[in-house]
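Each chain is listed here by its residues.
Protein chains: 2
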Amino acid sequence: MELLKKKIIEDGRILEGNILKVDNFLNHQLDIGLLNEIGKEFKKIFSHKKITKILTAEVSGIAIAAIAAQYFDVPVVFAKKTESKNLDQETYEGSVYSYTKGKYYKIRVSKRYISKEDHILIIDDFLANGQAILGLKEVVDASGANLVAAGVVIEKGFQEGGKILREANLEVHALATIDAMVNGKVVFRNHEQY
Amino acid sequence: MELLKKKIIEDGRILEGNILKVDNFLNHQLDIGLLNEIGKEFKKIFSHKKITKILTAEVSGIAIAAIAAQYFDVPVVFAKKTESKNLDQETYEGSVYSYTKGKYYKIRVSKRYISKEDHILIIDDFLANGQAILGLKEVVDASGANLVAAGVVIEKGFQEGGKILREANLEVHALATIDAMVNGKVVFRNHEQY
Chain A
74 MELLKKKIIE DGRILEGNIL KVDNFLNHQL DIGLLNEIGK EFKKIFSHKK
124 ITKILTAEVS GIAIAAIAAQ YFDVPVVFAK KTESKNLDQE TYEGSVYSYT
174 KGKYYKIRVS KRYISKEDHI LIIDDFLANG QAILGLKEVV DASGANLVAA
224 GVVIEKGFQE GGKILREANL EVHALATIDA MVNGKVVFRN HEQY
Chain B
74 MELLKKKIIE DGRILEGNIL KVDNFLNHQL DIGLLNEIGK EFKKIFSHKK
124 ITKILTAEVS GIAIAAIAAQ YFDVPVVFAK KTESKNLDQE TYEGSVYSYT
174 KGKYYKIRVS KRYISKEDHI LIIDDFLANG QAILGLKEVV DASGANLVAA
224 GVVIEKGFQE GGKILREANL EVHALATIDA MVNGKVVFRN HEQY
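So the sequences go chain by chain: A and B.
Each number in our numbering corresponds to the 1-based position in the first sequence with 73 added.
Each number in our numbering corresponds to the 1-based position in the second sequence with 73 added.
Looking at chain A on its own, in the form it has when it is part of the complex (with noise of 0.2 Å):
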């Protein structure tokens, strides 16, 4: 998606130990007119499938869905990270590893909101070590419902989320993928994913 690298060219951040920043635009500070795009980009990347539900966790995720699934005209569930008293007892969990914890968090969607008549499409921020879109699937194979595919806006292409994914059968795409970061620069995969 040419829009959206041209963001993150332009206003993305290059931080020491190759972190990408992007909170101008897509997670702290939103861009809600390039939200729209993405939104678009997804719809038509998934034109052609029957989806009833987006999937997301949050925090990230939760703008993008809700913006994306205005064109998808279905409704959107976030799974909750954190243990509140008002989330519902009975819930379909997943586990999340956390790399920079060194340790394992549970990711909970309600059982009211995912059945096994639903066709989920989830939507990401970022797809790097894979971790949130697995756990994401452990709710969605928990609630025995069909798990479409999974839409991420920014893959970094180097980590080894995609290649998990891909071989777990999860038709992932990305609107922009990242392969590397070189002298402060980001070098984008020319072959899109779709």
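A couple of the hints might just be wrong.
A pair holds if it fits inside one copy or across any two, identical chains being indistinguishable in the list.
What the hints assert, rightly or not - List time: in silico DSS-like cross-link candidates among lysine-lysine, alpha-carbon distance up to 30 Å: (1) Lys113 with Lys174; (2) Lys94 with Lys189; (3) Lys176 with Lys123; (4) Lys236 with Lys258; (5) Lys154 with Lys176; (6) Lys78 with Lys179.
Just so you know, these hints were derived from the structure itself, not from any lab.
Following the hints, position chain B against chain A.
Below, chain B alone, put in the same frame as chain A:
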């Protein structure tokens, strides 16, 4: 907002301890059509105001703010609750008292994303004890930006938050104000807040 009240009556659940659950459409599963109507209503209420940015706090405010921002044509910034190595070091902070946890926690916004030139509209899902919005107000005040008003989807009129905020000279509009929950039924305030 009649559509919202209807939705609360039909799809809200009242649990023991006067807890109103709206996770069917507002803060776990998201009814995107309703969120669009909510966004339009906020725009109608604040149409005469100069607004350059919408501010909310993670997690439940994000989808509402993102959808509403489409009608204002401004970016959204969401304050972060969690310490994150990805957050800039230079932040504006606010304190939020959590009654459930019995302690204060911090919310933070990078100094890059609010400036004294901004005219800020705060948007959130619930107004109950007012703590979240007070924390956001602290962030805005620290930045020197102009805090225009706050729009909340549901105000619990039987808690003190609305009074505290209005006494602090903040203009607050709620799309539905609940005055009581009696025998498992919601009693709305007849008098709209605007």
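Hints versus structure:
1. Lys113 with Lys174: neither (35 Å within a copy, 41 Å between copies)
2. Lys94 with Lys189: between (37 Å within a copy, 24 Å between copies)
3. Lys176 with Lys123: So lysine 176 and lysine 123 fail the 30 Å test inside a copy (35 Å) and across (46 Å) alike.
4. Lys236 with Lys258: within (23 Å within a copy, 51 Å between copies)
5. Lys154 with Lys176: both (14 Å within a copy, 20 Å between copies)
6. Lys78 with Lys179: Answer is neither: 32 Å inside a copy and 34 Å across each miss the 30 Å cutoff.
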